[in-house]
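The listed protein sequences correspond, in order, to chains Z and S.
Taking my numbering, the leading residue of the first sequence gets 1, the next gets one more, and so forth.
Taking my numbering, the leading residue of the second sequence gets 1, the next gets one more, and so forth.
FYI, nobody ran anything at the bench for these hints, they're computed from the structure.
Heads up, a few of these hints could be off.
To be verified - Straight-line C-alpha distance at most 35 angstroms; calculated DSBU-like pairs for lysine-lysine: (1) Lys352/S x Lys185/S; (2) Lys352/S x Lys92/Z; (3) Lys5/Z x Lys185/S; (4) Lys143/S x Lys92/Z; (5) Lys92/Z x Lys185/S; (6) Lys92/S x Lys5/Z.
What the hints assert, rightly or not - Covered, in the sense of this in silico footprint (three residues per stretch, anywhere, with C-beta under 8 angstroms from a C-beta of chain Z), are these stretches of chain S: (7) 89 to 97; (8) 142 to 148; (9) 286 to 295.
Yeah, the Cβ is synthetic: ideal placement off N, Cα and C, and Gly gets one too.
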Amino acid sequence: MSVDKATVRRIAHLARIGVEEEELEGLSGELSSILNWIEQLHEVDTENVPPLASVNHATLLPREDVVNDGGDPDAVLANAPERHDDFFAVPKVVE
Amino acid sequence: MSANGQDLIQGASGEWEVVIGLEVHAQVASASKLFSGADTSFGAPPNSQVSLVDAAMPGMLPVINRICVEQAVRTGLGLGAAINRVSIFDRKNYFYPDLPAGYQISQFKNPIVGEGEVEIELADGRTQTVGIERLHLEQDAGKSLHDQHPNLTYVDLNRAGVALMEIVSKPDMRSAEEAGAYLRKLRAILRYLGTCDGNMQEGSMRADVNVSVRRPGAELGTRTETKNLNSVRFVEQAIHYEARRQVDLIEGGGQVVQQTRLLDTERGITREMRSKEEAHDYRYFPDPDLLPLELEEEMIARIRSELPELPDAKRARYVAELGLSDYDAGVLVAEKETADFFETVAAGREAKTVANWVMGDFFGQLNRSGLDVADSPVSAAQLGGLLDLLDDGTISQRIAKQVFETMFQSGEDARTIVEREGLTQVSDSSEIEALIDTVIAENPDRVAEIRGGKDKLVGWFVGQVMKASQGKANPQLVNQLLRDKLLAG
Numbered sequence: 001m002s003v004d005k006a007t008v009r010r011i012a013h014l015a016r017i018g019v020e021e022e023e024l025e026g027l028s029g030e031l032s033s034i035l036n037w038i039e040q041l042h043e044v045d046t047e048n049v050p051p052l053a054s055v056n057h058a059t060l061l062p063r064e065d066v067v068n069d070g071g072d073p074d075a076v077l078a079n080a081p082e083r084h085d086d087f088f089a090v091p092k093v094v095e
Numbered sequence: 001m002s003a004n005g006q007d008l009i010q011g012a013s014g015e016w017e018v019v020i021g022l023e024v025h026a027q028v029a030s031a032s033k034l035f036s037g038a039d040t041s042f043g044a045p046p047n048s049q050v051s052l053v054d055a056a057m058p059g060m061l062p063v064i065n066r067i068c069v070e071q072a073v074r075t076g077l078g079l080g081a082a083i084n085r086v087s088i089f090d091r092k093n094y095f096y097p098d099l100p101a102g103y104q105i106s107q108f109k110n111p112i113v114g115e116g117e118v119e120i121e122l123a124d125g126r127t128q129t130v131g132i133e134r135l136h137l138e139q140d141a142g143k144s145l146h147d148q149h150p151n152l153t154y155v156d157l158n159r160a161g162v163a164l165m166e167i168v169s170k171p172d173m174r175s176a177e178e179a180g181a182y183l184r185k186l187r188a189i190l191r192y193l194g195t196c197d198g199n200m201q202e203g204s205m206r207a208d209v210n211v212s213v214r215r216p217g218a219e220l221g222t223r224t225e226t227k228n229l230n231s232v233r234f235v236e237q238a239i240h241y242e243a244r245r246q247v248d249l250i251e252g253g254g255q256v257v258q259q260t261r262l263l264d265t266e267r268g269i270t271r272e273m274r275s276k277e278e279a280h281d282y283r284y285f286p287d288p289d290l291l292p293l294e295l296e297e298e299m300i301a302r303i304r305s306e307l308p309e310l311p312d313a314k315r316a317r318y319v320a321e322l323g324l325s326d327y328d329a330g331v332l333v334a335e336k337e338t339a340d341f342f343e344t345v346a347a348g349r350e351a352k353t354v355a356n357w358v359m360g361d362f363f364g365q366l367n368r369s370g371l372d373v374a375d376s377p378v379s380a381a382q383l384g385g386l387l388d389l390l391d392d393g394t395i396s397q398r399i400a401k402q403v404f405e406t407m408f409q410s411g412e413d414a415r416t417i418v419e420r421e422g423l424t425q426v427s428d429s430s431e432i433e434a435l436i437d438t439v440i441a442e443n444p445d446r447v448a449e450i451r452g453g454k455d456k457l458v459g460w461f462v463g464q465v466m467k468a469s470q471g472k473a474n475p476q477l478v479n480q481l482l483r484d485k486l487l488a489g
């Protein structure tokens, strides 16, 4: 499987990673070889084997429905790029 | 779900059928969030109910809330749906300022609940089944405020991470009326189950509406999705507009484009949503922080055994066991609070009388005051007390209505009002006879008419005597005594 330059441009945009035009060629080669390496897995016969969601055989442990967190806006907002009162303030995203 | 003639849209080139499916986001009733211990209450100060998990701080891990899982199972059972013993949480990736992780934890390929159904009732008495495609658990996002600052958006993460059930219907609805009936019925079921408070104004329930049009019976047309509608009226408004827009577009030689739209509630029109929806490519993959969710049979069995009586069953019981009409039963079960109120009053009392009072004077007063059953100044026990006074003859029907109005204003018990204002029905025949004699003495002409054969005038005398007693005389007794005096011999 090969990843062309247009695909690299698209997934970089979806991941909000800035990629220069001259980097596309190299990345397309690297990503293609990674995918080709992983595709070796297709050689294994997985007929009648259910898809695997996790390699860990434990079951999901739940928590009880109690309020024991939150109530500390200063901690939540400590790394905010900009804070107005108790809100995060970010560049306008208008709909 | 056959095309009922009245539901078709008349276009310039013939008839069109509207096909509608709803995706409803219902906030799970729980104290804390789906994957964190932060509070879910509505209306708290900004960012005061946010855990570092909800804020997606590096290294924070989600831990699932047991009750949220049970609520989803309970809802699934209430919708007669398949419960999937294993379901998987996936990451839905997109960027928006109110989604701090850059992904929403949701369920994509393997939801917790599979197919089910909802029965709806329409105004003309038809009932219809709407299929449920699936129900899955997911996180809500935070809230963006765009109008607080000229060039900044404010973000409040209190909602971020709150558990939602996304309930997806099959495209089984054919008119705005059906979609409205479905949404109302779904809301009632969730409220009966106690799995969502159903408060649409506070955003506890929001609907995305998928609409397409086609020639009756033809292949499905291209659909549009109008997002985030928080009332039945808006859902109906969006469907009316969107169906007409699509028909006009196709008949004008254009094509419907699959897109996301927003309803402008002021103008009643939909418009295309910009920016956020560009390049829908969520790149779902299983969340590596969460193992598959496995449900135990015992838990499912326990929840099934605890299910409350749901509206359809309740309605059938009111008709079969209490002898109410199907219409009355339908009105009384539509809201859980109304049904609870009715049942409390009806316990040990005559159900039809209670139904008449609840749907008549009680609803009338609530409507005039703009109140819900929950806010009623007259409790079910108090209304019951009034009906007991009526039943044992202490007060007349007319006085009962008058007392009820006073109860509604003051919140007092019926007995308190009756005793203070001396409204006890007069059943003492000598007192009533005195009143009758006075009225007869004042109206010799009419007495003569009755004796001349105009029996019907007795009714007029009954009215006069009742008036003279200020409504307190026992009307049956008045009638009897008058007949004895005027018609005998």
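| Which of the numbered hints are not met once you compare them with the structure shown? | 2, 3 and 5
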